[in-house]
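Chemist: Could you slot chain S onto chain B? The hints should help.
Those protein sequences? They're chains B and S, same order as listed.
Residues in the first sequence are numbered from 86 upward in steps of one, following this note's numbering.
Residues in the second sequence are numbered from 86 upward in steps of one, following this note's numbering.
Among the hints, erroneous ones may be present.
As the list claims (entries may be wrong) - Restricting the straight-line Cα-Cα distance to at most 25 Å, the calculated cross-link-like pairs of lysine-lysine (DSS-like) are:
no., chain 1, residue 1, chain 2, residue 2
1, B, Lys239, S, Lys164
2, B, Lys287, S, Lys288
3, S, Lys207, S, Lys146
4, S, Lys248, B, Lys239
5, S, Lys164, B, Lys288
6, B, Lys287, S, Lys207
7, B, Lys239, B, Lys146
8, S, Lys288, S, Lys167
9, S, Lys248, S, Lys146
10, S, Lys288, B, Lys164
11, B, Lys164, S, Lys239
12, S, Lys146, S, Lys288
13, B, Lys146, B, Lys201
14, B, Lys248, B, Lys164
15, B, Lys239, B, Lys255
16, B, Lys207, B, Lys288
17, S, Lys167, B, Lys248
18, S, Lys291, B, Lys207
19, B, Lys287, S, Lys239
20, S, Lys207, B, Lys291
21, B, Lys167, B, Lys201
22, S, Lys239, B, Lys248
23, S, Lys207, B, Lys288
24, B, Lys291, S, Lys146
25, S, Lys287, B, Lys288
26, S, Lys248, B, Lys248
27, S, Lys146, S, Lys167
28, S, Lys288, B, Lys288
Claimed, not checked - Derived DEER-like restraints, expressed as beta-carbon distance ranges:
no., chain 1, residue 1, chain 2, residue 2, range
29, S, Ala133, B, Val143, 25 to 35 Å
30, B, Lys167, S, His170, 26 to 36 Å
31, B, Lys239, S, Ser120, 40 to 50 Å
32, B, His211, S, Ser120, 13 to 23 Å
Honestly, the hints are just simulated from the structure, not real lab data.
In this text, a Cβ means the ideal position worked out from N, Cα and C, and glycines have one as well.
2 protein chains.
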Amino acid sequence: MASTTDDKPAPEPEKVAPPPEAAAPPMECAPRDHSVVADVVLRLLLFACSVVAVVVMVTSKQTEVVGRLPVAPFSPVFKPAKFNHSPAFIYFVAALSVAGLYSLITTVVSFLALLKPGYSTKLIPHFVIFDVLVLGIVASATGTAGGVAYIGLKGNSHVMWNKVCNVYDKFCQHIAASVGVSLVASIVLVLLVFLSVYSLSKKIPK
Amino acid sequence: MASTTDDKPAPEPEKVAPPPEAAAPPMECAPRDHSVVADVVLRLLLFACSVVAVVVMVTSKQTEVVGRLPVAPFSPVFKPAKFNHSPAFIYFVAALSVAGLYSLITTVVSFLALLKPGYSTKLIPHFVIFDVLVLGIVASATGTAGGVAYIGLKGNSHVMWNKVCNVYDKFCQHIAASVGVSLVASIVLVLLVFLSVYSLSKKIPK
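Only chain B is shown next, with the shape it has when bound in the complex:
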């Protein structure tokens, strides 16, 4: 660089050297596009997780024999277990439905940003804000459903809450699968925030 201080016109051809530097921005652009692609893929995954969690939770109904009538026909007494018997599971379904709807909308928006390069810069801060809000909702719903499901699995002898999973085995399998999938949804939301922050911090001049 010190040689450029010479007063000869020779440095002019050296000024032509920048083409490799000018070629650099496309190289910088490529990973940015990759990150938008990853964003779309993660949002689709979040949508899939939300839908699966809601469907598995809602279809968890199981009817079992819990005893027999004490009088003549001694016919068996059936009792169903449904997700809407617990407010925790209702909250879970509501929260994951919100996450599913949100992921659907943001997938479309993120896909449109993929078609218009440069548009994502304005979009990312908004995405982070809403992603973090939805993460809070999904994480708390996962915790709520998981906490109640754990009591159903193990019971709590201190307050005489008996376990129910020994009777309603399929119901509990549905609940466990649904909570597991929503945990994956939480992790996907965390990854989405990481990706957005990575894209933002790359755009800050050093």
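Modeler: Structure of chain S alone, referenced to chain B:
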């Protein structure tokens, strides 16, 4: 700027004009410092919330008479309610302790960033990543404890889980206060992420 192409020494004083432009960065710097101050204050608030939530939860022990001996002295039977009778509340204490320790460390780091202006640019992306992780932990712990506390408050007639808050009133008040404070901690974490993203997006050239 076109006048600077003149070959007289007069343009030299014009070069002195930039000071207003050079003065602009401190004007840009001022809100950045404000956001770092807000960051430190929010982290202190997060620390206070975490400590209060843990202390209120841990000190929730209450012993009540739950019956009397069926034989001669008919002495009352005492039974304590403690937070560690429920795995959900143990998880809650663990999660809020982690959040408290994290907020203490990041308050110190953020305060040091306040003393060294310009250092925060490198720091913010890391802060966002860890804030989001801690938010996930605190939100899920709040959900877990809240879900179990709700069963204690209302019971669940479908699975014959009886309510306990009619007996252990002070215990339940402690749990409710603790869950409420941890909800505030979750909101503070969301605000911290918002603040960081705002600071990051301000540093991106238009």
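Chemist: If a hint holds in the structure, say so; if it doesn't, say that too.
Modeler: Hints, verified against the model:
Taken as a hint, the Lys239/B and Lys164/S pair is honoured in the structure, with Cα atoms around 21 Å apart against an allowance of 25 Å. Proposed proximity of Lys287/B and Lys288/S is supported: the alpha carbons are some 11 Å apart, at most 25 Å. Between Lys207/S and Lys146/S, the direct Cα distance comes to roughly 45 Å. Violation of the 25 Å bound is thereby established for this hinted pair. Between Lys248/S and Lys239/B the CA atoms are separated by roughly 18 Å; this keeps the pair inside 25 Å, and the hint holds.
Under the criterion of a C-alpha separation no larger than 25 Å, the hint pairing Lys164/S with Lys288/B is inconsistent with the structure, at around 61 Å. Taking the CA atoms of Lys287/B and Lys207/S, the gap is near 11 Å; set against the 25 Å cutoff, the hint holds. Restraint check for Lys239/B and Lys146/B: satisfied, since their Cα atoms lie roughly 20 Å apart, inside the 25 Å limit. At most 25 Å may separate the alpha-carbon atoms for a hinted pair to count; Lys288/S and Lys167/S exceed this at roughly 50 Å.
At most 25 Å may separate the alpha-carbon atoms for a hinted pair to count; Lys248/S and Lys146/S meet this at roughly 17 Å. Distance check on the hinted pair: Lys288/S and Lys164/B sit about 61 Å apart at the alpha-carbon level, beyond 25 Å; violated. At most 25 Å may separate the alpha-carbon atoms for a hinted pair to count; Lys164/B and Lys239/S meet this at roughly 21 Å. Using a Cα cut-off of 25 Å, the hinted pair Lys146/S and Lys288/S is violated, with the two alpha carbons roughly 50 Å apart.
A hinted pair counts as satisfied when its Cα atoms are at most 25 Å apart, and Lys146/B with Lys201/B does not qualify at roughly 46 Å. Between the alpha carbons of Lys248/B and Lys164/B the distance comes to roughly 15 Å, so the proposed pair stays at or under 25 Å and holds. For the hint linking Lys239/B to Lys255/B, the alpha-carbon distance of about 16 Å falls within 25 Å, and the restraint holds. As the CA atoms of Lys207/B and Lys288/B are separated by approximately 12 Å, the hinted pair is consistent with the 25 Å bound.
Between Lys167/S and Lys248/B, the direct Cα distance comes to roughly 20 Å. Compliance with the 25 Å bound is thereby established for this hinted pair. Under the criterion of a C-alpha separation no larger than 25 Å, the hint pairing Lys291/S with Lys207/B is consistent with the structure, at around 9 Å. Between Lys287/B and Lys239/S the alpha-carbon distance is near 50 Å, which puts this suggested pair outside the 25 Å criterion. Using a Cα cut-off of 25 Å, the hinted pair Lys207/S and Lys291/B holds, with the two alpha carbons roughly 9 Å apart.
Between the alpha carbons of Lys167/B and Lys201/B the distance comes to roughly 46 Å, so the proposed pair goes past 25 Å and is violated. For the hint pairing Lys239/S with Lys248/B, the CA-to-CA distance comes to about 18 Å; that is within 25 Å, so the pair holds. For the hint pairing Lys207/S with Lys288/B, the CA-to-CA distance comes to about 13 Å; that is within 25 Å, so the pair holds. Of the supplied pair hints, the one linking Lys291/B and Lys146/S is violated, its CA atoms being roughly 54 Å apart against a limit of 25 Å.
For the suggested pair Lys287/S and Lys288/B, the alpha carbons sit about 11 Å apart, so the restraint of at most 25 Å is met. Between Lys248/S and Lys248/B the CA atoms are separated by roughly 16 Å; this keeps the pair inside 25 Å, and the hint holds. Between Lys146/S and Lys167/S, the direct Cα distance comes to roughly 5 Å. Compliance with the 25 Å bound is thereby established for this hinted pair. The straight-line distance between the Cα atoms of Lys288/S and Lys288/B is roughly 9 Å, inside the 25 Å bound, and the hint therefore holds.
A C-beta distance of roughly 40 Å is found between Ala133/S and Val143/B, which places it outside the suggested range of 25 to 35 Å. With their beta carbons about 28 Å apart, Lys167/B and His170/S fall inside the hinted range of 26 to 36 Å. Restraint check, Lys239/B to Ser120/S: a C-beta distance of roughly 46 Å satisfies the suggested window 40 to 50 Å. Taking the beta carbon of each, His211/B and Ser120/S are about 18 Å apart, inside 13 to 23 Å as hinted.
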